[in-house]
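Start from chain A and add chain Y according to the hints.
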Amino acid sequence: MPLPASPIFTIHALFSKKKKKKKSQKIDSLEGGLLVCFVMEQDLVETEKRRKREINIDPSLQWSQWQLLDSILPTGGFAHSFGLEAAIQARLVSGPDDLQTFVIHLLENTGSLLLPFVYSATMNPTLDNWQKLDRILDATLSNEVGRKASVSQGSSLMRVAASVFTELPSLKSMRDVCIGSGVVSFHHAPVFGMICGLLGMDSGTSQRAYIFMTMRDVISAATRLNLVGPLGAAVLQHRVAYVAESMVKKWMDRSVEDACQTAPLLDTIQGCHTYLFSRLFCS
Amino acid sequence: MEMEKGKVVVEKVRGKSSVIRSFSKYPLKFITPRKVGSSITDAVWIYSLTYGGGIVSGDSISVEFTIGDGCTAVLTTQSSTKVYKSLGSKCSEQVLEARIGSGALFVVIPDPVTCFSTARYSQKQVFRVVSDSSLVIVDWFTSGRHESGEKWDFELYRSSNCIFAEGNQPVFLDTVLLEQSSPVDIAERMHEYQVIAMVLIYG
Chain A
582 MPLPASPIFT
592 IHALFSKKKK
602 KKKSQKIDSL
612 EGGLLVCFVM
622 EQDLVETEKR
632 RKREINIDPS
642 LQWSQWQLLD
652 SILPTGGFAH
662 SFGLEAAIQA
672 RLVSGPDDLQ
682 TFVIHLLENT
692 GSLLLPFVYS
702 ATMNPTLDNW
712 QKLDRILDAT
722 LSNEVGRKAS
732 VSQGSSLMRV
742 AASVFTELPS
752 LKSMRDVCIG
762 SGVVSFHHAP
772 VFGMICGLLG
782 MDSGTSQRAY
792 IFMTMRDVIS
802 AATRLNLVGP
812 LGAAVLQHRV
822 AYVAESMVKK
832 WMDRSVEDAC
842 QTAPLLDTIQ
852 GCHTYLFSRL
862 FCS
Chain Y
138 MEMEKGKVVV
148 EKVRGKSSVI
158 RSFSKYPLKF
168 ITPRKVGSSI
178 TDAVWIYSLT
188 YGGGIVSGDS
198 ISVEFTIGDG
208 CTAVLTTQSS
218 TKVYKSLGSK
228 CSEQVLEARI
238 GSGALFVVIP
248 DPVTCFSTAR
258 YSQKQVFRVV
268 SDSSLVIVDW
278 FTSGRHESGE
288 KWDFELYRSS
298 NCIFAEGNQP
308 VFLDTVLLEQ
318 SSPVDIAERM
328 HEYQVIAMVL
338 IYG
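Top line first, the protein sequences correspond to chains A and Y. Read in order, the letters of the first sequence are residues 582 to 864 in this note's numbering. Read in order, the letters of the second sequence are residues 138 to 340 in this note's numbering.
If we strip away everything but chain A, and leave its shape as in the complex, we get (with noise of 0.2 angstroms):
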C-alpha cells in the first residue's frame, strides 16, 4: 500500500507545535497547517474504512454491475432526453443553470415514481412479480412519451441482459415466455430491478444505481443538445451527485401503491415530445 505523503508532514508539524507551547507567538499559520493535516489525515482516515468495506463485496458481482451500468452496454438508453428536449423547446431549460435544476427535479421525480418498482423487483425477482409489478406501472405511466420509452430501454436492457448473463438463465426462459404473450410490456424500471435481485445486488445499490443511470443518460443528453460541454457536464455530475443521494435516501424502499409524481410539469412537457417539429431525441 504506497504511502501517501501528507502523514510525514502531520508528525513534524505536531512536534514543531509541542516546542513553540511556551511562546505565544504566530502560531497562526502553524494552526492552520495543523488544521489542514487533521483534517486530511481525517480523510485518509475515512477512505481506509471505505477501502476495508469495499473488501467485502463479492469481486464477480463488481464486474457485472460496472457493466450493467456503463453507458456503452447496448440498451438504446442515448436515444432518450427524458423530457429534456421538450423543456428547451418549451423554453423552461436554456442554459446550465436550467439545467442542474431539471435535473434535480428529474431525479426526484424517477425517485417518487419508479424507485419502488425497481426495489420491489429487487427484492423478489420472479416471474410472477415482474408480470404484476409491469402491469402496474403500465397504468401509472400514462404519459405515452415516458410510456414508450420506459417500454423501449427495458425490453433491449431484457435481450442484452439475457444475453450477457449466462450464469442466470431464468432471465432467458422469463423473457421467452413473456415475449409472444403480450401480457407483459418490459417497462424498464421493473426489469432493472429483477436483474440486479438475481446478480445478488443489494436493493439499495439497484435503486442508487437506477437514479445513478437516470442521471447519467441526461446529463448525456444536455451535451448532445448543446446545452453544456463535455467537461462542464462531468462538473455538474459530480456537483448532482450529493443532491442525488439524499433523493436515493428519501425515496428509497417504498411500496408500490406509494409510487407518485412530484414534477406533473415536467411529465406534462415530456409528452409533447411528440409534437415538436424538429428532434433529436426520441423522448
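Bear in mind the hints are in silico, worked out from the structure with no lab data behind them. Treat the hints with caution; some may be incorrect.
The list that follows gives simulated cross-link-like pairs (lysine-lysine, BS3-like), each with its CA atoms no further than 27 angstroms apart [said to hold, decoys possible]:
#1 K831/A / K261/Y
#2 K261/Y / K713/A
#3 K222/Y / K831/A
#4 K144/Y / K261/Y
Please read all numbers here as calculations on a predicted model, not as lab measurements.
Just chain Y now, with coordinates in the frame of chain A:
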C-alpha cells in the same frame, strides 16, 4: 378518526337516471337540482357542497357512488374547493369511491381545489368500472389565492386517481404529490404556471 361518509346511488327509474339514495353527514352535503341539463339528455346532476365553503384542517370526508347500468350521472361542486390552513400539521382528506355499471357514464367535473397557505390536503378517487363503462374525470388545482400573493404556498397536496377494471386489474393509476419539504420548493417546480389540470376520458 371516523370518516364522515356520504353515499349516493343512481339507478334508472321509469327509464330516467335518478338518484334513489342520497345520504350525507356534516360537513358534506349533496344537492340534486332537477333542471340543470337539457331535458332531452338523460343525466342526473349532483352537486357536492361543504358547509362553510371549504375544507377545514383535519376534516375527513369519504363518499361512495354507485352508478347503475345505463345511467348517466354528473358530479360537480358549487364552487372551488378551498382548503384552509393546517393547524398542528393536520392533513385534510377526501376520498371518493365509485362503482360504475355496464353502459353507464360517470362525469366528475368539480371546480378546482385551492389550497391556502400552509394547507395540507390529500384526496383519493377510485373508480371501479366494467368493460363498457365510461368515465370523464377532471382533476385540477390552482396555486392558491394568488391575488393575495399565495402562490404554491401550501405545505402538502396529494391527489390520487385510480381506475380498476373487473378483477381489480389496474387500468390507470396516477398520484401527484407536492410537498414543500423537498430540496426544491413547489413554486420552482411549477415555473410560472398557476393551474394544473388532468382530464381523463375513458370508454
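**OP:** Provide an ascending list of the numbers of those earlier hints which the structure does not satisfy.
**Re:** Hint check: nothing fails, all pass.
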